[in-house]
Structures are given as C-alpha cells and as structure tokens.
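These protein sequence lines are chains S and H, in that order. So the first sequence is numbered by my numbering: it starts at 10 and just counts up by one. So the second sequence is numbered by my numbering: it starts at 64 and just counts up by one.
It is worth saying that the hints were derived from the structure and are not from the lab. All C-beta atoms in this analysis are idealised placements derived from N, C-alpha and C, irrespective of residue type, glycine included. There may be inaccurate statements among the hints.
As the list claims (entries may be wrong) - One-sided excerpt, in silico: chain H residues whose CB lies under 8 Å from chain S:
hint	residue
1	Pro92
2	Phe167
3	Leu277
4	Phe327
Stated by the list, open to error - Estimated spans, in silico, between C-beta atoms of each pair:
hint	chain 1	residue 1	chain 2	residue 2	range
5	S	Ser102	H	Phe246	32 to 40 Å
6	H	Pro168	S	Thr193	33 to 41 Å
7	H	Val142	S	Leu84	24 to 32 Å
8	H	Phe246	S	Ile85	42 to 50 Å
9	S	Ser107	H	Lys197	24 to 32 Å
10	S	Gln296	H	Gly287	17 to 25 Å
11	S	Met132	H	Val326	26 to 34 Å
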Amino acid sequence: MASPSTLEVTGVPGRSVRARPFTVSPSAPSAGRWPRLRRYGVAYLYLLPSLVGAGLFILVPVIAVVVLGFFSWNLIGSPHYVGLANYHAIFGSALFWSSLQTTAIYVVLTVVPLVVLSLGMAMLLRNKFMGAGVFRTIAVLPWLATPVAIGVIWEWIFNPQNGVINNVLSFFGITGPAWLSSFTLALPTVAFVTVWQFLGYNMLFFLAGLQGIPNSLYEACELDGANAVQRFYRITLPLLSPTMLFVTVIDMISSFQVFDTVYVMTNGGPGYSTQVMNFTIYQHAFQFLQIGYASALSVILFVIILVITVLQFLYFRKRLTYDLS
Amino acid sequence: MRPHAYRILLSSSGRYLVLLVASVLFVVPYLLALLASLKPLNQMFSGSPFSLPHPLTWHNFVELINQYDFGHFLLNTAVVAICIAVGQVFFCALAAYAFAKMDFPGKNALFAVFIAMLLVPGTVTIIPMFIIVKNLGLLDSLPALIIPYVASSVFGVFLMRQFFLRIPEDLVSAAKVDGANSFQVLTKVMMPLSRPVLITFGIMSFVYGWNNFLWPLIATNGNGARVLTVGIATFQSSFGTDWNLMMAGGVLSLLPLVLLFLVFQRYIVSSIQLTSFR
Chain S
10 MASPSTLEVT GVPGRSVRAR PFTVSPSAPS AGRWPRLRRY GVAYLYLLPS LVGAGLFILV
70 PVIAVVVLGF FSWNLIGSPH YVGLANYHAI FGSALFWSSL QTTAIYVVLT VVPLVVLSLG
130 MAMLLRNKFM GAGVFRTIAV LPWLATPVAI GVIWEWIFNP QNGVINNVLS FFGITGPAWL
190 SSFTLALPTV AFVTVWQFLG YNMLFFLAGL QGIPNSLYEA CELDGANAVQ RFYRITLPLL
250 SPTMLFVTVI DMISSFQVFD TVYVMTNGGP GYSTQVMNFT IYQHAFQFLQ IGYASALSVI
310 LFVIILVITV LQFLYFRKRL TYDLS
Chain H
64 MRPHAYRILL SSSGRYLVLL VASVLFVVPY LLALLASLKP LNQMFSGSPF SLPHPLTWHN
124 FVELINQYDF GHFLLNTAVV AICIAVGQVF FCALAAYAFA KMDFPGKNAL FAVFIAMLLV
184 PGTVTIIPMF IIVKNLGLLD SLPALIIPYV ASSVFGVFLM RQFFLRIPED LVSAAKVDGA
244 NSFQVLTKVM MPLSRPVLIT FGIMSFVYGW NNFLWPLIAT NGNGARVLTV GIATFQSSFG
304 TDWNLMMAGG VLSLLPLVLL FLVFQRYIVS SIQLTSFR
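Required output: the full structure, derived from the provided sequences and hints.
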C-alpha cells in the first residue's frame, strides 16, 4: 500500500538515540504507586475520546431509546411510565402499518434494481476496454452527492409543468403524469432517485468481487462446452454470493432509514403514500413532541433492521459453499 | 472468422451504447441544475430545460447569498464538515492504535462493545441524542452539529485498527528503541504508513458531515448555525417555485463535492476495498 519511501522510520527529532543495556532496572514500568495505571494508562487515555464519544452518542442513546419507549413524555413536563402502552398504540395505529408497508415497498423498489443493475453494469465493465475508467468515475459521482440537493434537483426534473422529463415526453406527443403528486407514482419516483444515487457505488463492490474470480474457472467451463448463460449461473453468481450478501445488507439497512429524499421530494405525500417509518418517527418526535411513542417506533425500526441483517447472514452462510479466500 | 468479428463488434458497440446511456443519466441532473442555476426565473418557465442560459446570469447566486444568507450556511457547512473529518480521523486513530498495538485489561470486552455498536443504525439514536445535546445546552449552535460526531465513529476505529494490525511490530519496537514515545509512534510511524486509509476515511467523514440533514434539521432552529442542507429545505418550503434559486442552492452544495471527488478520485474509489472487508 505505502510507497517504499514512507517505510523508513526516521529518528525522533530532539532526542539522541541512546543504547540501553539489557538489564531490568528496579524502576521498570510495573513499579510505582499505581503500577497498573502507569502501565496501561496511556492505552486508556487514547481510548478515552472514542469511549466518551461513542458511549455518550451511541451506547447511552440506544439504551435510552428503549427505556423512553416505556414512557410518555412531551419534552417539557416530566416523563411518566406507561408500560407497553406506546407499543399497544403503535400496533393499533393505521398510520404505523401503512408507513411500515410503504417502507417495505420502498426497500424492495430500491434494493432489487440496485443489485440487479449494478451487477449488470459491473459485468459490462469487467473486461478492460477504452473508457472503462471514465465510466466508472462518472457512475460513482452521484454517490457523494448531497441527498437534499439531489432531491430538489430531481423534484424539478420530474415537475409536471416545466420539468425536464415531461418536456422531453411532450416532444414525442406524450403528456407525462404528475410524477410526485400521484399516489401510485410518487414512491417509485423517489425510489428511482435512490437507485440513481447508489448504482455506481454498488457497482464498485461487484467489480471487486468479479476480479476475485479466477479466469481459469471460466476457461475450464468453456472447455466443457458451457455457454455464456451457463457460465454466469454456474460460476459468476455462486462465487459472487458473498458480495451479493454484503451489497444487499448495506442497501437494505440504508433504505430502511430513508429520510432526506422523501422530506424534500414529497414530504411524505401525497396523502401518506410516501410516508416512510423514519418520517413518521420524525413527525411524532419533533412535531407532535410524543417522545415516548416515537422512541418505541425507533425501537421497532431497530429490531426490524437487526432481524433482517441477522437472517440474511444466516441464510447466506448456509448457501456459501465456495470459499476462494 | 468473419461472423466472429461481427459478433465482437456488435457486442462491444452494444456495450458502449448501454454505458453511454447510463453515463448520460448519471451526469445530466448535474448539468441541468448548473444550466438552470445560471438562468433568470422567466427562462425557467418559458424555454426548454436544455436551452443555454440567455442572458447568462450570476444573479441567482448573488441573491441567495445576499438575501437568504446562503454564504453563511456554506461557511457553517464547511466548518462542520472539516471539524468532523479532522476529529474523526484523529480520535479514531488514537483508539485504533490502542486496540491494535497496545495491551490492557478489558481490551477484548471493549472491542466487542465497539463491534456491537457498529450494528446500531444512525437514525435509531437520534431522539436521545437530541435530549442529551439539549441538556448540554448546545442546541442551535455549531458545536451541536460537531460534538456528537467528532469522536463517535465506531466504524473508523474498526477500519483503522484493521490497517494498523498489518503494520509490522518490528517498526513499532524500532521506533521505541529510537526513543519515541507511543504518541510519536502513532503520529510518526503508524499514521504516515496508513496515509491512504486516513485520507479515504477523512473524505468519507467530510462528505457525511457535509451532507448530513436530519440531525441539523432537528438540532438547529435559527439562521445562526444553519447548514446548507437545512437552508435548501427551508428555502424550498417557502419559495418552492423559484426553481432557478433552488437549483443554485443545489449547485452550491454539490459543486464542492464534485471538486473533492475529482481531486481525490483514487482514494474515493479505493474506499470500496476498505469498506468491503470481511
């Protein structure tokens, strides 16, 4: 990784190098008033910022969100314990079930096209050819884009009056639909923008995965008379399953948490047609100030993400029969 | 021989066609937004979206900066993103060094806790985070946008630890024989040797801080600590049909990232190999 020139260890300035005799002096690190602290103190000191940071902003919050789920609190008064009342209310709420369903559909509408299309693109880019590097760069560019900015830009592109898409469609004499204010099209349109943003990023994983498959396997297969389709199903796909697992899991985790694009493109509407889980949590917590209810919703989202992650790992572990590493 | 040559030509031109269409799809939103941001409002409603700006005008950017404080938002965004990037690289390197090259009681247990925290999705913790930051009295300030992230990247610790583990122990002991203390070993040996991973992770942190929306939306209220993402969303909810200004806002947020991407392209693409470790 590092170039050879950076490998040389230079002497530390300001200190002359002394040769030390190999004798154990009585004041070795284990001595002193607090021997353990003196010996290990530095390690704990280095860990301290991360322990405080991650403790205060990940570990404590994740415990707190579970606890808050059993309370009723509007942020101003004092919280009071309500047991499972929040969960009862949530499971009886039509909005919860509809936002859960919307989120699930959104996940399918993003993850399936992302995996299929990025694998397809990686297959096209697999062999070296002129322009492959340029295309790879272009495809990855949207990954870094600010979702809020991209959401606003696509909102304009899909705008029915003066947007780009319907402008192009009208050139062919087609009257385009009102994409983002249609109950049926709004969610797929938002999902399309997510696919657009993460396609190139996912493709890089598949490119790396494809590079890991030895050419000799394909050559052997070709000698046995397998055609391109057979080679894909018998070699490429099984050997890519670790990459598939990884890509599917990270895509699902991020899709379950979608917020930014929904907020700027549709604000949950029309009606509740794009109101995903995270949007419902945001509304209950920071608009209706139902901290307990929103915390319970967060816990449910957390459990769903956790279960899916674990299930996918178990499922793929059973099927992963080839190990090239 | 001939049919074979035809097939190759056909398949490669088919591939180029598919890739050309895909590239256009990837780039066109950027170009259209840039075009639109240089147009006066009336041209947004009359001419085609593909037409060149006529007259070409910087007025949208000037108006956003002078009237709607977007210059201030841009500065806030840059400060937040830079602080998060620098802080995360530094604090993660410290913790990663302790995990990779030092021995202390409770090391394995602590590391297990760190791994477990990797599984916590970012949005799940946002409500308690708000309560904590509110009680620290930080709401509506730039520190509110920086402090929760600056030392809490579990992923960064994990990533750098993997990298530090690969650096031979001999180098560490050689530096110690030369009289280096452990901090000097970290800054003069480990970090220079891990430059690619530090730069890549720094870019990822910067982009995260730059693009962050939900947290600044919750944690800030007034214009003082507002960042670009919240600025764009707020502007949109008040002036949702001033498409030329909204496109200019989008360009303001995207252009620095495009430049960053072009400069550090190599590191960004290599981040894939870093994140796909198993």
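For the hint on Leu277(H), does the least C-beta distance to chain S fall short of 8 Å?
holds (5 Å)
Can you let me know if the beta-carbon spacing of Val142(H) and Leu84(S) is within 24 to 32 Å?
Roughly 28 Å apart at Cβ, these two residues keep to the hinted range, so it holds.
Under the criterion of a CB-CB separation shorter than 8 Å, is Phe327(H) in contact with chain S as hinted?
violated (10 Å)
Just tell me: holds or violated, for the beta carbon distance of Ser102(S) and Phe246(H) against 32 to 40 Å?
Given range 32 to 40 Å: violated, Cβ gap about 54 Å.
Once the shortest beta carbon distance from Phe167(H) to chain S is found, is it less than 8 Å?
holds (4 Å)
Quick check on a hinted range of 33 to 41 Å for Pro168(H) and Thr193(S), using CB atoms only.
Given about 60 Å between the Cβ atoms, the range is violated.
Taking the Cβ atom of Gln296(S) and the Cβ atom of Gly287(H), is their distance within the range 17 to 25 Å?
With Cβ atoms ~22 Å apart, the hint holds.
With a cut-off of 8 Å on the beta carbons, see whether Pro92(H) makes it to chain S.
This hint holds: Pro92(H) lies near chain S, its Cβ roughly 5 Å from the closest one there, short of 8 Å.
Assuming the hint says 24 to 32 Å, is it satisfied by the Cβ distance from Ser107(S) to Lys197(H) or not?
The hinted range 24 to 32 Å holds for Ser107(S) and Lys197(H), with Cβ atoms some 31 Å apart.
At the C-beta level, are Met132(S) and Val326(H) separated by a distance inside 26 to 34 Å?
holds (30 Å)
Take the C-beta atom of Phe246(H) and the C-beta atom of Ile85(S), compute their distance, and say whether it sits inside 42 to 50 Å.
holds (46 Å)
Checked against the numbered hints listed earlier, the structure breaks hints 4, 5, 6; every other hint is satisfied.
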